[in-house]
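There are 2 protein chains.
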Amino acid sequence: MKIEEIGEINLIKHLTTNLNQEYDSSVKLGVGDDAAAIKFSDDHYLLLTVDMLVEGRHFLIDKIQPEQLGHKSLAASLSDIAAMGGSPRYAVISVGWPAYVDLNYTERVYAGLRGLARKFEVNIIGGDTVKAPQLVVDVTVLGEIRKEPITRSGAQPGELIAVTGRVGASAAGLNLLINEQNNKTLSSKTVDALHQAHLTPIPRVKEASLLVKKNIPTSMIDVSDGVVSEINHICSSSGVGGVIYAENLPVDNNTIEAAAYLKEDHLDWALYGGEDYELIFTLPESKVSQARKALSETGTELHIIGKTLSSESGLHLEKEGEVVPLSVKGYDHFHE
Amino acid sequence: MKIEEIGEINLIKHLTTNLNQEYDSSVKLGVGDDAAAIKFSDDHYLLLTVDMLVEGRHFLIDKIQPEQLGHKSLAASLSDIAAMGGSPRYAVISVGWPAYVDLNYTERVYAGLRGLARKFEVNIIGGDTVKAPQLVVDVTVLGEIRKEPITRSGAQPGELIAVTGRVGASAAGLNLLINEQNNKTLSSKTVDALHQAHLTPIPRVKEASLLVKKNIPTSMIDVSDGVVSEINHICSSSGVGGVIYAENLPVDNNTIEAAAYLKEDHLDWALYGGEDYELIFTLPESKVSQARKALSETGTELHIIGKTLSSESGLHLEKEGEVVPLSVKGYDHFHE
Numbered sequence: 001m002k003i004e005e006i007g008e009i010n011l012i013k014h015l016t017t018n019l020n021q022e023y024d025s026s027v028k029l030g031v032g033d034d035a036a037a038i039k040f041s042d043d044h045y046l047l048l049t050v051d052m053l054v055e056g057r058h059f060l061i062d063k064i065q066p067e068q069l070g071h072k073s074l075a076a077s078l079s080d081i082a083a084m085g086g087s088p089r090y091a092v093i094s095v096g097w098p099a100y101v102d103l104n105y106t107e108r109v110y111a112g113l114r115g116l117a118r119k120f121e122v123n124i125i126g127g128d129t130v131k132a133p134q135l136v137v138d139v140t141v142l143g144e145i146r147k148e149p150i151t152r153s154g155a156q157p158g159e160l161i162a163v164t165g166r167v168g169a170s171a172a173g174l175n176l177l178i179n180e181q182n183n184k185t186l187s188s189k190t191v192d193a194l195h196q197a198h199l200t201p202i203p204r205v206k207e208a209s210l211l212v213k214k215n216i217p218t219s220m221i222d223v224s225d226g227v228v229s230e231i232n233h234i235c236s237s238s239g240v241g242g243v244i245y246a247e248n249l250p251v252d253n254n255t256i257e258a259a260a261y262l263k264e265d266h267l268d269w270a271l272y273g274g275e276d277y278e279l280i281f282t283l284p285e286s287k288v289s290q291a292r293k294a295l296s297e298t299g300t301e302l303h304i305i306g307k308t309l310s311s312e313s314g315l316h317l318e319k320e321g322e323v324v325p326l327s328v329k330g331y332d333h334f335h336e
Numbered sequence: 001m002k003i004e005e006i007g008e009i010n011l012i013k014h015l016t017t018n019l020n021q022e023y024d025s026s027v028k029l030g031v032g033d034d035a036a037a038i039k040f041s042d043d044h045y046l047l048l049t050v051d052m053l054v055e056g057r058h059f060l061i062d063k064i065q066p067e068q069l070g071h072k073s074l075a076a077s078l079s080d081i082a083a084m085g086g087s088p089r090y091a092v093i094s095v096g097w098p099a100y101v102d103l104n105y106t107e108r109v110y111a112g113l114r115g116l117a118r119k120f121e122v123n124i125i126g127g128d129t130v131k132a133p134q135l136v137v138d139v140t141v142l143g144e145i146r147k148e149p150i151t152r153s154g155a156q157p158g159e160l161i162a163v164t165g166r167v168g169a170s171a172a173g174l175n176l177l178i179n180e181q182n183n184k185t186l187s188s189k190t191v192d193a194l195h196q197a198h199l200t201p202i203p204r205v206k207e208a209s210l211l212v213k214k215n216i217p218t219s220m221i222d223v224s225d226g227v228v229s230e231i232n233h234i235c236s237s238s239g240v241g242g243v244i245y246a247e248n249l250p251v252d253n254n255t256i257e258a259a260a261y262l263k264e265d266h267l268d269w270a271l272y273g274g275e276d277y278e279l280i281f282t283l284p285e286s287k288v289s290q291a292r293k294a295l296s297e298t299g300t301e302l303h304i305i306g307k308t309l310s311s312e313s314g315l316h317l318e319k320e321g322e323v324v325p326l327s328v329k330g331y332d333h334f335h336e
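Going down the list, the sequences are from chains B and L.
Everything in the first sequence is counted per my numbering, starting at 1 for the first residue and increasing by one.
Everything in the second sequence is counted per my numbering, starting at 1 for the first residue and increasing by one.
Simulated from the structure, these hints should not be mistaken for lab results.
Don't take each hint at face value.
Any copy will do: because identical chains look the same in the list, a pair fits if it lies in one copy or spans two.
What the hints assert, rightly or not - Cut-off 20 Å, straight-line C-alpha distance, at most; resulting in silico cross-link-like pairs (SDA-like, lysine to any residue):
| id | residue 1 | residue 2 |
| --- | --- | --- |
| 1 | LYS13 | TYR105 |
| 2 | LYS307 | GLY158 |
| 3 | LYS214 | ARG146 |
| 4 | LYS13 | GLU322 |
Bound-form chain B, shown alone:
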């Protein structure tokens, strides 16, 4: 059987089937959430996550600066720790270097890694460098949380679904990078902002920590594969259904302009585009103003984009007064 037939997300599930039966009692969460959680002592958990970025699949070497590649590789793993409500603390990084990059290139990738690590006070304490046919960056981050980590599975029916910041901008940036032409109708400010959204996302580490401190999220995940895919993860892990309000999705003007320019649907980017690295979480309606207050010091907006329903309801999209069942598709990067 070919790997394609099972799909990449299902592959890791398949390969780790029944692994949890072999865990010792210290393992609070194994494979299947944004990060694994190890119970270290009462109310002290370690969080461990890894993300592998492969050239041609997760990035195109001529469309990303080496500093941006370093930044983005670390951001993906930091975002996973944030999604659990934890603080990233340590990173170890393996890089496979192809023959066509030189020493200066490797230094610039590390400058990007080190810059983002410094911003979030993450210690890069180890690594491996090997020759490889194509550029591969694998980042493992160890974090911690001084209370129970927030999983994907704590949502209850009748809660609200919230998202930080804005979605679709990373997909807009990616599409602009791929279709790089003479973007005369778009201002360079718009193009730069969208490129940055795709190439140097800032993980919502601080926002997650502030929300969790106030016990607001009942479940949480980060947007790596797209809003629909992530909400589907929460719904299926929690055993609830849900509805997403299309009109409430926070899509910024840059993204709307880029979609118009490229004749694409900005709602499609917002729903199915990945790598926004925003947080999606569920919360009781009574805590919305508390959540906004918790985030006020960060300047990050909060938008209510849906509601959880009973499990029989399935997952739906409400758009222009109509409710349609959603097909779940993951984020495809460049090709698949």
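Keeping the supplied structure of chain B fixed, place chain L upon it in accordance with the hints.
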């Protein structure tokens, strides 16, 4: 500047220059030893290490069974934790799968990973699977130790240098795999044992733990790059010189037979062959019998293969009564 000019081991050093100045006080050991060490509480350290294996560089896909590849990938990281005296506890594993392997192949790699993990009670708690142009396996292991970890830098002049088990067998196995012909003069038992030494090494986790429990090693490292290279790491990190006694290197009969058959020098394999995953450590002469006693329950032999000297002495090989300065070269896997 090309990466080759700086060398792979120097590259990671170069890229992480001055990183330690940015560490917070919890980092006991950063980049530069077999594993990083995080001080978690008094006498409780976490150990973190990562190893990336790339097809064509660390293994040839037609010379290794998928189960063996899984086993070997995890063994390398477990051995790093052992070299610090620690117990491996958790692993996260990223795999880049090329289009030419099928689902059954991925399952067999995971069977190898899971088999070895079970043997050492390691919990595989996370992972990532992505498409890649060639097979890449990156294994991060988190371990712990309930006392100060053993580093490469604790050796004093005038101590003995010891090695567990036997060396050169992995190089012998590799050479037999590469020169696979009609090995009529070698028994299949010999060939199998050497293939196993190369393809499914057993990391010396238990041995390290027993030695460290008795406070025997003053410094320790595992043999991934070859005896000379590892002793050189200990000597340069500790600021001592050393002499290796060629006649004392434990080379087993299988290795000697294979060297004779392939017209190779078994001493060269023992000195420069890598991936034996034995432990090399320094100890005071007064503790040799205690060390042997500590290992007796494992059945693993201990050989005294050298002595540390003052730092000005440099690193030497004593062979047939003559003492010659050693050139340090690392393990080259298949080509470089």
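Do the hints match the structure? See the list:
For a Cα distance limit of 20 Å, the shortest separation of LYS13 from TYR105 across copies, 15 Å, qualifies, whereas the shortest one inside one copy, 35 Å, does not. Taking the shortest Cα distances, LYS307 and GLY158 sit within 20 Å of each other inside one copy (6 Å), while across copies they are farther apart (71 Å). In this assembly of identical chains, the alpha carbons of LYS214 and ARG146 lie at most 20 Å apart only when taken from the same copy (13 Å versus 34 Å across copies). In the homo-oligomer, the alpha carbons of LYS13 and GLU322 never lie at most 20 Å apart, since the shortest distance is 34 Å inside one protomer and 59 Å across protomers.
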